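UniProt numbering puts the first residue of the sequence shown at 1, with every later residue one more than the last.
Warning: the hint list may mix true and false statements.
Quick list of simulated restraints, FRET-style, between CB atoms [unchecked claim]:
1. Ser25 <-> Ala210: 19 to 27 Å
2. Cys219 <-> Ser134: 35 to 43 Å
3. Asp144 <-> Leu64: 35 to 43 Å
4. Glu207 <-> Leu229: 12 to 20 Å
5. Cys204 <-> Ala184: 37 to 45 Å
6. Glu207 <-> Lys69: 47 to 55 Å
7. Glu68 <-> Glu207: 44 to 52 Å
These are calculated hints, taken from the structure and not from any lab test. These numbers come from a predicted model, not from an experiment. We put the CB at the ideal spot given by N, CA and C, even for glycine.
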Amino acid sequence: MDFSSPSSSSGEVVMAALLGLPSRSFSDLTRSLSSNLRLQRRRLAFLLLSPIHFSLTLSYLHSLSLPEKTLLLARHLLSSLQNLLPSLSGPSRPLRLSDLDAAILLMAMCDSYSPNTTHHSSWHSTVADNVLFSILSPSGLGNDAWAVVCEHVDAAVKCRRLMEVLSGSGSSEKVEGEVGASVAAVVALPSVECRTGGRECVICKEEMEAGRDVCELPCRHRFHWGCVLGWLRKRNTCPCCRHELPTEDVLCEMGRLWRAVTRMGNQWRT
Numbered sequence: 001m002d003f004s005s006p007s008s009s010s011g012e013v014v015m016a017a018l019l020g021l022p023s024r025s026f027s028d029l030t031r032s033l034s035s036n037l038r039l040q041r042r043r044l045a046f047l048l049l050s051p052i053h054f055s056l057t058l059s060y061l062h063s064l065s066l067p068e069k070t071l072l073l074a075r076h077l078l079s080s081l082q083n084l085l086p087s088l089s090g091p092s093r094p095l096r097l098s099d100l101d102a103a104i105l106l107m108a109m110c111d112s113y114s115p116n117t118t119h120h121s122s123w124h125s126t127v128a129d130n131v132l133f134s135i136l137s138p139s140g141l142g143n144d145a146w147a148v149v150c151e152h153v154d155a156a157v158k159c160r161r162l163m164e165v166l167s168g169s170g171s172s173e174k175v176e177g178e179v180g181a182s183v184a185a186v187v188a189l190p191s192v193e194c195r196t197g198g199r200e201c202v203i204c205k206e207e208m209e210a211g212r213d214v215c216e217l218p219c220r221h222r223f224h225w226g227c228v229l230g231w232l233r234k235r236n237t238c239p240c241c242r243h244e245l246p247t248e249d250v251l252c253e254m255g256r257l258w259r260a261v262t263r264m265g266n267q268w269r270t
């Protein structure tokens, strides 16, 4: 199956990528995901059990504009995809606790929304009822490794849906325009010694001299440090093969990760 085709669901794409993981890597992943899921559940329970904090967090959400709410939700959903596939993700900054609480509450409000939910005072009971229903449902009662993974897969699917809505493309194809690589991704790039001369830096078209330290990208292509730093300030792709580095633009990072997940799933299937 070609997971880049429209017929493939987002969940199938992620699951195919996960099935290619070694058993030890999968065990490590599920432990990490369990810890993250417990944190989110604790924070939501704290908000529901503390009317003051629930009210403050809800007021904070109301103070945000629609683009700000969208960005907050996008960052939260992107983190679920990054946690699910850490090998494809670059270094990321965690949300502040206040923003995390707001994102978790906003997600819970979206999940529990119905046309009858109109008054602010009803949000607490609406969210609480939906959480209770989810916990008591057959899927909510499971606590094994796959149940934890499925929670994150669901969040990753929502991440893709949001990306498609925001991009207006209905797919994970690259959005027009270029963005620079993230600072964390650039700082993490290794410096390696050029052992033999004669190799050309494709950016400046000049030779990389033997004994000189050069920058090596994850795709193994090498460039002069001065050249590649200027390049990556404007673009997050390798000049040779277009390999994508992490970026700080949330929408572009969603697209980059989904393209990587699709390739990973297709490799496992073949």
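Exercise. Could you check the structure against the hints above and give me the numbers of any it violates, in ascending order?
Key: 1 and 5
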